[in-house]
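Residue numbers (this note's numbering), protein chains in the order written: chain A, 1 to 555; chain B, 556 to 852.
The set of hints was computed from the structure by calculation and includes no laboratory data. Because the structure is a prediction, the values reported are computed rather than measured. From the three backbone atoms N, C-alpha and C, an ideal C-beta is built for every residue, glycine too. Some hints here could point you the wrong way.
To be verified - Okay, derived cross-link-like pairs now, SDA-like style, lysine to any residue, Cα gap no bigger than 20 Å in a straight line:
(1) Lys378(A) <-> Lys650(B)
(2) Lys394(A) <-> Ile376(A)
(3) Lys650(B) <-> Ile294(A)
(4) Lys650(B) <-> Asn449(A)
(5) Lys650(B) <-> Arg275(A)
(6) Lys650(B) <-> His110(A)
(7) Lys650(B) <-> His410(A)
(8) Lys650(B) <-> Ile376(A)
Stated by the list, open to error - A partial selection of chain A residues facing chain B, derived with a Cβ cut-off under 10 Å:
(9) Leu56
(10) Val104
(11) His110
(12) Leu114
(13) Leu117
(14) Ala278
Each chain is listed here by its residues.
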Amino acid sequence: MSDPRSRLALGVAAIALALYALFFAGDYALHVLTRAGIYAIAAIGYQLIFGRLGALSLAQGCFFGLGAYAAGLGALELGLGFPLTLAAGVLLPSLLAALIAIPVLRLASHYFALATLGIAQLALLVATNWTDVTGGANGLYGVPPIETGTLSFGHGLPLTLLVWACVGLALTVSHRMTAGQRGLKVETLREAPLAAAALGIDGSAIRFRFFVASAALGGLAGALQAHAVGVVSPDVLQFHVLVLILAMTVIGGRASPLGAVLGALLLVHLPEWFRDFADYYLVVYGAALLAAIIFLPRGLAGLFGKSEMPPVETADAEAPRDPAPHTLSVETVSKRFGGVTALDSVSLTLAPGEILGLIGPNGSGKTTLVNLLSGIDKPDGGRILLGDADITGKPPEYIARSGLCRSFQHPQIAPDLTVLESVEAVTAEGESAAARVTEAGLSDRANENAGTLPPAALKHLEIARALAAGASVLALDEPAAGMNEVERANLAALLKRLADAGHGILLIDHAMDFLLPLADRVICLSAGRVVAEGTPADVARDPAAINAYFGESPL
Amino acid sequence: MTAIAFTQILLNGLALGAAYALIALGFVIVLNAAGAVNFAQGELVMAGGFVSIAVAPLIGEATALPGLLLLPLVMGLMGLMGAGFAWIAYFPVRKRHQVAVFVSTIAAGLVLQHLANALFGAAPRAGPPLISGNGLTVGALSISLQQIAVMVCAAVLISGTGLFLGRTQTGRQMRAVAQDPEMAAAIGIRPKRMITLSFALAIALAGAAGLLLSNQFFVSPNDGGLFMLKAYIAVTIGGWGRLDGAVIGALLIGIFETLVAALTSYLVAEALLYALLLIMLVFRPSGLLPERARARV
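Next up, chain B with everything else stripped away, as it sits in the complex (with noise of 0.2 Å):
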């Protein structure tokens, strides 16, 4: 493999890691919160692709940047549909077993993957771009605007989410209901209200991931569960429940996937993942990098 080629698939690899890191930076983000696996995040990403479809006429062709000046309407759409989520899915089971918090989510994932099925049918289809216009060429390397834009979205959003959650006072009220929940509530913050506001925070993540990958990789119903999948496994390399290792195991595993099909076959790439995770398992049971808590006897 030449220099060249093997830059470009790296290039490849960030951009597509760098839409990973947002849904797995979502998923890490309720998963502290709510203590609890989203199982619906990847359909939820799947959700956002498919907003993003549905509100793209507004725009219409004309503009240069049509997915960009879509984004915020994006996020905020589905920031709502994740409070309301929240309260569908989570707070009805807040108090039972994670179990119960796993198959609602199961559940609420499923209501997702066929109303999206019923409503726009199971053909994939193309969102929006983030920017129309081809690239640009260095040498023998090709970027395309489109992934730049990506990875320059994605950089963005989270280090915005990581100054939103360590420097404003939101964020700190945030992080204190996800550690200790009964204490934040004694010292006056509610946590109701913060575990709402994760939930749509993680979702509207998911929603930006949505509409940053429908272009390039299209958009269809039954693509949750690959998205979700990908989330997890990305989160146990990272450590459970750490912000950053979220994304750096995101950022692992786009540039893994890509570099391992460039040189085999996609097929090999998705199961070399799984069976690496498992191997993983055997032999770090309690995950890669040490856990954010561990439990008190």
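Bound conformation, chain A alone (with noise of 0.2 Å):
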């Protein structure tokens, strides 16, 4: 929304849409309008979970019935007058989210989505039963029109007007989340989130924040509604409601806010349209949805294509400072998996400056040594020291801030962010990441999507990210698996030039004639035990290395 076509874009359909229902619509129209934006309202807010996040959230719909209620209640028992009943709209949802979040999005998408469906149905049976508080199934009648002093927002175009623009606010909202880095940022929690916390984001954070400002726009949606029809059933908290947003979200677009409006007002006119089809437009309705999603990953704001950050220039990019150097000890780290022993009280240090080789063959423990130094995986014993900190156990997320990052053996992007962004997500305010971009030798690529990048260029991002986001120790994991000679010649360039540059880099390959020559020290593991430690040349000579690699030998 930032770049001038999209602006100019939202202004026209602005003043369009305006124009419309100042001088074309009747009070039918005027109707169908006002409930297109109650639900758009709804629907940028499911975005942010569900869009932006990825998750799906099975609780919208429950979230809009709750603020439904609590406007009505608030109205009819308390007493509340407009903007206070607006106000109990959005905080009762959000407080039920805010209380459900911390176990809620920790769960397994599959079991995220199983969860809020369940709240979601419990919801819906307390609406229909506890009769003596939201009359039941019969549900609350009369809820007054919106008034204040001598204003009527009752219904007809003031009423409209109120609702588009509270529009307008959740899409101030949205944007405010959604904008410059935090995008970004959100953007590789989504599709890279091993990697997103391994960086140093804070993906608790960002999920809670998403989830109750979810919430909170689907009960101002709610208390609207309540408002705009004077009655409130279970019929708001049933799952139907829940598949009306999301098919809004995903045939309007999943991340384009705009383009949930679009969808809005695409979905509340549809049946007006179609009206003849009678008890097959439902039918159109599910095979429309479904239409979008195979044909249109992107929604209908994908048509009108992605807005691009303007192309960075990073030739005059300045030279990035380096972070304080930090030692990293593992003493005697130990961890099972069930009866195995992953790792068995495995030592060793790396100093500022140096490269540590670490070799073994598939199985030895090289992996869950990293998993264990990012903190992706707990140690059952042992410590983690990163200069004078503990890090034993913490999540990965501060353990990356602590100035520890890692690579992973497939290299986890997002796709859709281009190099740049996908530095900048990572990059601390006042850095640059051009410059890193182009410390990581990719200042070619700098505008190419993420997702294009030849498997070589992925592990420079990577370590490109894990110097943005302020790594002095870096753990690489097979970082050249599948490099020709040229691609290794250029890697093994940049460690050194990070080595000299007083990083620490804890390095893993299979590739000795990569290795040996790169390594100041190389420790060999094998079954989860350290078997030998030395210089390459005593490590490459020596018995238990090397029948650690190619067994007792069968001759």
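Since each chain comes alone in its own frame, lean on the hints to assemble the complex.
Right under this line is the structure:
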């Protein structure tokens, strides 16, 4: 929304809509437009959790319904006036979301969907059967229209304008949460959650904020709905409300708030246009949703093209600052999976400016060690120190921010972000992402999408991100795998430069002709134990290391 | 509660759970083959019920075993529908995020629901009984023939599915694809064919459940959501991706629902089931029993 073209499109669309509402729409058309605005708010909210974070919350309809009940009960039972009823409508679902967020947001995606669906079902059961408060199946009647002092927004044009002003508010909230670097962080979090954590992005905090914001906007929409129609029945909590909001988000566009508005306008108007189809209209509606998810992965908004950030010049980027050097010390660290001991009392140190090679056959515990260092798994025993700080068992984002970052065997990237955007997502304020891109030798590809990069460039991108995140120690899991000679030489040169600049590098690789000349020292793991340690030449001759790789000689 | 009453409830719960088990089994088969949740599984059960009603006139009232005779036909038709379902709602989004499959199956379920509504109307309809006749009385215990037939059918289908997946070459190939499609393709198995077959089998089972439930519980276009939810919960209880766990989970849910409903009300049973599910997810965020596979980093 920040580039001039989208701004122009937004302006033109807003003016066209306003002209339609003011001069061409009759009473009924205004009513439909109001309904579209209400659902647009709920869809903009849903987009935050479903579209941006990719978490299939099935509770958005529930938040909408709770907002309606809160506003209705606030007006009828507590005698609240207009702005307060909306506040109640926003508050109740937000509180529920905040309450359930911590247990629910840590669930894997299929359990998250189920848990949010379970909560929605419970809310529906309560609303239908707690007759004393909610009016049971009949619901609440006579929710007063919106009035404040002498102004009345009861119906017609004033109500439409009020609702669409709220749409504007929702767009602003959404924009503030997703513009610039925030948006890049969220994109990284959705596409590569492990990498996001390993680069210091605080995923839990972002998920919490987005979940509560989606509930707040869903509740606001529900509260407006209660006032607009004057009735709140358990119908507002039914599954079909969620499906409608979901369909608007999918058809309009997962990540474009304007797409959500477009989806809402379309899906609220469609039944009006397809009245003649009667019962079959809903079949068409389902088929349209199916067609949209298959043929329009980015929704209608995708048809208008991705809003590009202007390409960034990388040539004159200033030299980046190097982080304070830290020594990494691993002290008798162990890890068991069930009955299998993956790591058995492993100790090592890695000084600033040193490249430490880590070798060992498959299954010897190399990746497990990197997972423990980066906090993805917790050790069962031992200590890990970064400088003087004890980082044993700390969460990945804490470890990353302390200065230890890792790369992955299979690069974890957000394919739709450019190289520069990927790095920008984790660059500290005041630092230059472009400089890191240049430093990693990717300035020629800065404006290419990460998803289109060849494997070798992806490894460089992972290193560039780790540097941008402020890593003083890098743990690289098989960075040279699958590279040709030239690419290996480039990578070796980069790693040498980084070591000379004071970075400590833990380098896992199977290619000895790449690793041995590069490493200052080498450690060999076998079955979770350190079996050899020393200069590359010593380890290469060490019988224990040779044995670990080739097993007992059959000859 | 007397022992007789308790046994009666247990029997009712077991019959209900047996039908749920077929639904959950289909849910897991698709889950393993496609790596994604089929949100339309409930609507497919509903569709099975309506297909049974639609084809029932072929058999007529005369025979003593209308439902039993219809069962192979209904399962065959639903199997075909399942293959079509895979090609419409799954393969086009196969390479995308798991969530895309969620949404595409929600959409497909929506189409089925509203299609049933437009064709048959919203009112609940009764499907053909498996066996006509009243049932027998053992002491003070009354057992309906229908319930016994439901349990026997479900047991036969479940063990048949187990044997098919475990002992036949095709079944082994289907499991190989479920475990690792690329590796399976590398040894000459055609993943697409096996996945299509998995959908067909899963949805034939859903259709069978639809027929089994349609006489005692009736069938209406809006029933799908609850069936899907029961299967989803059963699979969560039984261990994500485990066939045996799904069956056990479904039986537990059937007995739980019937028992709690008899002691209090159906409403409380429903609410308690969701509440227990949520509590379980709070304390065991990765399910009650160990999952089939653990993601590698």
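Hint check:
For a cut-off of 20 Å, the pair hint linking Lys378(A) to Lys650(B) is broken: about 32 Å separates their Cα positions. The hinted pair formed by Lys394(A) and Ile376(A) meets the criterion: a straight-line CA distance of about 9 Å does not exceed 20 Å. This hinted pair checks out: Lys650(B) and Ile294(A) have alpha carbons roughly 11 Å apart, not beyond 20 Å. Restraint check for Lys650(B) and Asn449(A): satisfied, since their Cα atoms lie roughly 19 Å apart, inside the 20 Å limit.
The hinted pair formed by Lys650(B) and Arg275(A) fails the criterion: a straight-line CA distance of about 36 Å is larger than 20 Å. Pair hint Lys650(B) plus His110(A) holds up; C-alpha atoms about 17 Å apart against a cutoff of 20 Å. The suggested pairing of Lys650(B) with His410(A) holds, with an alpha-carbon distance near 17 Å, which does not exceed 20 Å. Between Lys650(B) and Ile376(A) the CA atoms are separated by roughly 26 Å; this puts the pair beyond 20 Å, and the hint is violated.
Interface hint at Leu56(A): satisfied, since its Cβ lies 5 Å from the closest Cβ of chain B, which is below the 10 Å cut-off. Interface hint status for Val104(A): upheld, as the beta-carbon distance to the closest one in chain B is roughly 8 Å, under 10 Å. Because the smallest distance between the Cβ of His110(A) and any Cβ of chain B comes to about 6 Å, under 10 Å, the interface hint for this residue holds. Contact between Leu114(A) and chain B, as hinted, is supported at the beta carbon level, the nearest pair being about 5 Å apart and thus within 10 Å.
Residue-level restraint check for Leu117(A) holds (minimum Cβ-Cβ distance to chain B is 7 Å; threshold 10 Å). Satisfaction of the interface hint for Ala278(A) is found here, the shortest Cβ-Cβ separation to chain B being roughly 8 Å, below the 10 Å cut-off.
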